[in-house]
Amino acid sequence: MNRSESRSVPGKQYRLVTCTINGKAVETMVDVRASLTDMLRNDYRLTSVKKGCEVGECGACNVMIDGECYNSCIYLAVWADGRDIRTLEGLMGPDGELSDIQQAFIDEAAVQCGFCTPGFIMSAVEILESGREYTREELKKQLSGHLCRCTGYENILNAVEKTMKKRLSST
Amino acid sequence: MEQRKRAVGTSVNRVDAYDKVTGRARYTDDLCGREAYAARIIHSTVANGRVLSVDTEEAKKLPGVVRVITCFDVPKNYYPTAGHPWSTDEAHQDVSDRLMLTDRVRFYGDDVAAVVAEDEVTAARAARLVKVTYEEYPFVLDVEDAMKDGAPQLHDAYPGNVLNHTGIRSGNYEEAIKEPGLIRIEGWYDTPSVQHCHIENFVCYAYEADHKINVTASTQIPHIVRRVVGQALGIPWGKVRVIKPYIGGGFGNKQDVLYEPLCAYLSMQCGGHLVKLDISREEAFNCTRVRHAIRSHIVSWVRPDGTYAARKLTAYSNQGAYASHGHGVVAKGMGAFPQLYPCPHVEADCYTVFTNRPVAGAMRGYGIPQAMFAVESHTDDVARAVGMSPIEFRRKNVMPQGYVDVFSKNENYYDTFNECMDKASAYMDYERKVREYAVQTGNIRRGIGLAVFWYNTAVWPISLETSSCRMVLNQDGSVQVQVGETEIGQGADTAFSQMAADALGIPFENVHIISSQDTDVTPFGTGAYASRQTYTAGFSIEQTAGLLKKRILAYAQELTRMPVSQLDLQEGVIVRKSDGRPMLLLGELATEALYSLSHSEHLTAESTYQIKSNAYSFGCTMAEVEVDIEACKVRLIDIVNVHDCGRLINPALAKAQVHGGMSMGIGYALSEMEKFDAVTGRTLNGNLLDYKLSTAMDHPHLEGQFVENYEPTSAFGTKALGEPPVCSVAPAIRNAVLQATGIGISQIPLSPHVLFEEFKKGGLLDV
Amino acid sequence: MYDLKALYEAESVSHAIRLLEEHPDAKVIAGGSDILIKIREGKLKEPELVSIYGLDELRGVMLEEDGTLRIGSLTSFSHVTKNPLIQRHMHVLGEAVDKVGGPQIRNIGTIGGNTCNGVTSADSASTLFAYDALVELAGPDGVRVVPIQDFYLKAGCVDLRHGEIETAVLIPKASYEGYAGHYIKYAMRNAMDIATLGCSVNVKLSEDKECLEDVRIAFGVAGPVPLRCPAAERAAKGKKAEDETYRQFAAEVLKDIRPRESWRASKAFREHISQVLARRAMEEAVNRAGGEKR
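Protein chains in written order, with my numbering: chain G, 1 to 171; chain B, 172 to 938; chain D, 939 to 1232.
These are computed hints drawn from the structure, not numbers from a lab. Even for Gly, the Cβ is constructed at its ideal location relative to N, Cα and C. Check before you lean on any hint, since a few could be wrong.
Said to hold, decoys possible - Computed cross-link-like contacts, DSSO-like style, restricted to lysine-lysine with a CA-CA straight-line distance of at most 27 Å:
#  : chain 1 : residue 1 : chain 2 : residue 2
1  : D       : Lys1020   : G       : Lys165
2  : D       : Lys1193   : B       : Lys302
3  : B       : Lys931    : D       : Lys981
4  : D       : Lys1205   : B       : Lys804
5  : D       : Lys1193   : B       : Lys231
6  : D       : Lys943    : B       : Lys846
7  : B       : Lys231    : D       : Lys981
8  : G       : Lys166    : G       : Lys141
9  : B       : Lys302    : D       : Lys981
10 : D       : Lys943    : B       : Lys231
11 : D       : Lys976    : B       : Lys231
12 : B       : Lys804    : D       : Lys983
13 : D       : Lys943    : B       : Lys232
14 : D       : Lys1193   : G       : Lys12
15 : D       : Lys976    : B       : Lys232
16 : G       : Lys166    : D       : Lys1020
17 : D       : Lys981    : B       : Lys232
18 : D       : Lys965    : G       : Lys12
19 : D       : Lys965    : B       : Lys804
20 : G       : Lys12     : D       : Lys1178
21 : B       : Lys231    : G       : Lys12
22 : G       : Lys141    : D       : Lys1020
23 : D       : Lys943    : G       : Lys12
24 : D       : Lys1193   : B       : Lys932
25 : B       : Lys302    : D       : Lys983
26 : G       : Lys162    : D       : Lys1020
27 : G       : Lys141    : D       : Lys1037
28 : B       : Lys232    : D       : Lys1020
29 : B       : Lys846    : D       : Lys976
30 : G       : Lys12     : D       : Lys1037
31 : D       : Lys981    : B       : Lys846
As the list claims (entries may be wrong) - Some chain D residues near chain G, calculated using beta-carbon distances under 10 Å:
#  : residue
32 : Ala944
33 : Ile967
34 : Leu974
35 : Glu979
36 : Leu982
37 : Gly1039
38 : Gly1040
39 : Ser1144
40 : Asn1225
Using the sequences and the accompanying hints, generate a full structural model.
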C-alpha cells in the first residue's frame, strides 16, 4: 500500500518504518497497531516468524533486533524503525548454502514439527555470535525462552552445543 | 546382492528438515491469502445453560463486519468429531452430539456465535459487541459428583451423565479373594486434565471454488475432516476438499475435527469468500480438547510369595461436555489392566462421564498414560506391601514371553519387558541405587523409580485399519509417493521414504514423498493416530512398490529381452539376477516408457492394504529424583526410557521421538494440569505461562534406548513408537519419590502444592 | 494486530509528559511485555498508548557523584544483569532480574515497566524493596523521588500521577555499600514463570564477620504488594550469624507477610515456603558477605 492511500483511511494510523531486514534496507508504511510479527509475515512474507501464542510465552516468533533476540509478537512494528532485523530467512548463504547451525539442526535430528525451529535457531545465532563457551546448563538457560513439545529439547541442545564447540575450536 | 544398500535402519536426515530450518516449510497460516476475512468465535461465559438470545445489532453496525452468525442460524446437523474411521454400522459410529454453534451450552467456552470481519481487529471488536443472554443451569466439574442422583444433566440421551460403561469379567473374583492368607492392597489414583500444547495453534481457512468448499487445516486427519465437514454441513462429501499442509504438532488434539466445519460454513455464508479461523492459545486450552482426567481405584489380592490371586479396577473418566473420542480412551486403559500383569481372576469396570469441563479427546497415549500411572503406582505399592523390590516384583508378574491376547491376537513374541528393564537398570546402575537410597534421613533425599508400560499399535480389531499408497515413476527414475498417512512432526514422511526406497529398490534420494495431503488427490487414509502409521503404511508401501516394480520389470523385459524372472530392481538399476549384471538404469527405462513411439506407458501403481493385525509395543522408564522436602520440590536427576518398538526404521528419529514423549511425561508427572474455577467453571490457567509445560531448564538429560526385536506381524518389522514414550514416565517419577520419602502419592502432577499436603500428612513437614 | 485506538511516540521525556497531558486516557508503554499482553487478552480495550520505548536517554546504569546507583527506567533486564556497575555494587539485583521469564523477555522487559505495573510478583521488586530503592518520576510539575515502599500503593497500583513517567530507579550508596544479598525465586518451573514467592535478603556483617550488623528482607507475592518484614529484620539485626538466628529470623517473617489464598497457591503453602526461603536466602547472603556457613 502506498503512502497517500494509507493516510486517507479514516480512523487508521500509519507510519513509515525504515529498517534493515536480513541485510537489506527496506521501508514500508505500517499500521501502528501491527506487531513486528505482523509486519514481517504480512509485509515481507517472512513466514519463518511463527505465531504460537502471541503473548511472548512460546518463542516461536523470535527474531534478532540489533543483535539481541526478541519475541516479535510483543514488539510493536513501529519500534523497528532504524533497526537491524534478522530472521531465519537471512541465515542462508547467497547460493542457498546452509549456515552451520541450520545444518546442525538437520544432522542432530533437532527438527520435528518444525514450528519452534526458526525461533530456536535465531536464539542459537545470538549464542554462537557471542563467541562465548557456555556449559550445557547455561545453554539450557539461554534457550529457555522457547517452548517445544516435540523434542524434549535434547537434540536442540546437542545441535547448539556441537556448533558452538566447532566454532570455538576453529577460531 | 548381500551388500545392497538399505535405507531402512539407517539414520538418514529428515526429508523435511531442510525446508524447516530455512523457513520454507509452509504451514496453514503461511498459505492463507491476505484477502482472507477474519473469523472470531463468541464463547459461552456460563458452564451450563441455554442461550436465550443473541443481540448482534451493535456488532453488525461496526464498519468492516461482514457477517454475524449465531447458534440460531446454523443447520441442526449433529456430527461426531472423533478422528476415528467411519463405520457403516450405525451401532459403531461415534456419538454425534456437536453443532457448529450451540444454544445449549455445556461448558465455559462452548461455541455460541461467530463474527466474520474484514480484519482481525474488527472481528475482535465485533465479538465483544455481541451480547448473549443465558438461562444458567447448575454445573458439575467432577466425575463422582456428575454420577450422583440429582446432578446437573448434560445430554438428554445420557441420563446420569454416563456416556458409557464397560467391564471385564474373567475368572471369579469374588471366590478368588476368599483364598486364605491373601494381602489386600487398595489405592485410588488420580490424573489431571492436561493439554497437548502443540506450538502451532489450531488454524484453518476455507473458500469456495471449483464447485467445492475447500478447507486447509492444521489437522492430523484430512480424510476424516472431509467426511465430518460433509456431515456437519449436510453436503455430499465429494463437495468437500481438505488440504493438510505441514502442521506444528498435533499430539492427538488435531485428531479431532475442531473448527473446520464452522470455518467452511462461515465461508459459505460469505459467498464463498476466503475466511480464516485462527484460534488463540487460550481457545486452544478451553475450546479444543484435553486429555481425560481419570480417577482409578485398584484392589489387589496378593499372596505372600508375591503372586496375584485376584485384581479389580474401577476407572472413572472425565469426558467433559461432549463425546468426542469418548469411551475408547478409558476402555483402552482398562484393556491393558488384565494383560500387563496377567492374573486369572480379574474384574474391571470403566465409566466415561460427562461433566461441564472442556471436552476431552485423544492425546498421545490415549488412556494409557492414565492407566499406567494407576497400575504402575499401584504395582510399587503392592511390591512394598509384600516386601519385594519393585523390579523383582515386576519380573515375577509382568506379561511373560508367549502371552497371547485372545481378543486382538497380539502376542508377546519376546522377553521384552525383562530385556527393557535390564537395559534401563544397566544405564541407571539401578540395583546399587536402590540399596544406596534405601535408608535416608535429612531434608534432601534421593530415590529411584521404575515403571513399565503396555501399548498396542493401531486399532484393529476394534476399528478399521486401512492404508493406501500411490507411486508414480518420473522420467529420471525417481518416484513420487503418496499415502493417506500424515506427517505431523514425528518424521513419518522420512520413514515412509526409507521404506519405499527399499521396497522398490531405488536410492533413498530418489523417493519424493508428497508431504501434504489433499483429499481430492491423496489416496484414502485415516491419518495420524494410535501410533499406527509406520506399521500400517508399511504394508501399503510394500504392496504398492511390489506392483510398480512388477510393471517396471515387465517393461524392462521389452528393453532387455530378458525374462522378468531374471530381472530385479536394485538401487535404481535393472540388474540381471543370475550374474548381477546391470542392464539398464531405471531413469532410462522411465524415459523410454513415457516417450516411446511404440509402447508409451505411464508407470504408476496404487493399492490399498487392509491390515488385520496389531502389535504390542512395550518398554519401561527409570527415573532418579532428588526431593527437597521442606521446599516441596522434586528435581529429576536422570531418566531413561527403553522401548521395544520392533525394528527401528530410523534410529535417530526414533530416539528423537522418545525424547519428546519423555518430556511430555515429565510435565505430566511434575507440573502440568488444567485448573478450573469452582465458581464459574472457567479454565483458570489457559495460557502457556500459567500452564506449566517443561522448558529446557526443567529437564535432565533424556536417555532413550531400544531393544530391537523384529515384529513378525509387520511389513518392516516395526511397530508403535509415537505414543509409547509418554506412557510410563509419570509413574516412574512417582515411584522414585516414594523410594526417596516413603510417601506414595496417589495423584499427579507432583507439584509443590501436592507435595506440601502429602509431606504434612506423612509427617515429613512439621507445619 | 493490536486493538489500539492510537499510538503516540514520545521523542523526549518532556514530549512524553506533554503527550500524556494531551491524551488524558493514554497509558505509557515502555517495553510492552505487560501492556501488550493485556491488550491481547482483552483486559485493556482499545487503549491509547504513549510509547516511550524510543527514549534512549532512559537506558543505562551510572554511578552519580554521591555514589547513588542510577538505573535508567528503560534499561532492559538483560542489560541490568550485564552491567558492570550492577555486578560490582548490587549483584543480587542483576541475578533477580535474570530470573524474569526467558532471555527474549529479559531483552524487552524494563526495570521501569517492572516497577510501574505494580505487581507483587515482579522479580526486581523484592530486591529493590530490600535495598530501600528510590523511584524517580518526571511529570508536568517537575521531578520527584519516592521511596519504593511508598510508590507501591496497592495491587497493580503505584503512585504515578497522570502525566508522569518513571525515569530512573535510584539506590543510595548507603543502601548498597557493604551489603551482600541473595534472591530466591520460587516458581513452578525453572524458566518462563512468574514467582509463586520471591524473597530477597541482604546483610551487612560486622568486621569480624561474626555478627549481622544489618539485615533487610523483602518478599514478593507474600502480600498484595512487595513488602519488607520489619519483625524478622529486628530479630536478626545485631545477632550472631548462626543457625539459631536464621531460624528465629525465618519464623518472624510470618508477622509481616500477608499471603493470600488463590488458585495459584494456598496461604498455608506460601507461609511455609516464605520461612524456608527466608532462611535459605539469609544463609546465602551471609555466605556471600564473607560469613562462614554454620
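Would the hint on Glu979 of chain D be counted as holding, given a Cβ-Cβ threshold of 10 Å to chain G? At about 7 Å, which falls below the 10 Å cut-off, the nearest Cβ of chain G leaves the hint on Glu979 of chain D intact, so it holds.
Does the structure keep Lys981 of chain D and Lys846 of chain B at a Cα separation of 27 Å or less? Status holds; Cα separation ~20 Å.
Regarding the pair Lys1193 of chain D and Lys302 of chain B, is the alpha-carbon distance no greater than 27 Å? With Cα atoms ~48 Å apart, Lys1193 of chain D and Lys302 of chain B exceed 27 Å; violated.
Does the structure keep Lys965 of chain D and Lys804 of chain B at a Cα separation of 27 Å or less? violated, 40 Å
Between the alpha carbons of Lys302 of chain B and Lys983 of chain D, is the straight-line distance 27 Å or under? The hint holds at about 17 Å.
Is Lys1193 of chain D within 27 Å of Lys932 of chain B, Cα to Cα? With a Cα-Cα distance of about 25 Å, the restraint between Lys1193 of chain D and Lys932 of chain B holds, given a limit of 27 Å.
Do the alpha carbons of Lys162 of chain G and Lys1020 of chain D lie within 27 Å of each other, as the hint requires? holds, 26 Å
Are the Cα atoms of Lys1193 of chain D and Lys12 of chain G separated by 27 Å or less? violated, 54 Å
Interface hint check: Gly1039 of chain D, Cβ to nearest Cβ on chain G, cutoff 10 Å. Holds or violated? holds, 7 Å
Pairwise hint evaluation, Lys232 of chain B against Lys981 of chain D, where the allowed Cα distance is 27 Å at most: The given pair, whose Cα atoms are some 23 Å apart, holds under the 27 Å limit.
Holds or violated: Lys965 of chain D and Lys12 of chain G, Cα atoms, limit 27 Å. This hinted pair holds, its Cα atoms lying about 19 Å apart.
Restraint outcome when Ala944 of chain D is required to lie within 10 Å of chain G by C-beta distance: Hint holds; Ala944 of chain D Cβ to chain G Cβ min 6 Å, cut 10 Å.
Going through the hint list in order, the structure does not satisfy hints 2, 3, 5, 6, 12, 14, 19, 20, 28, 30, 36, 39, 40.
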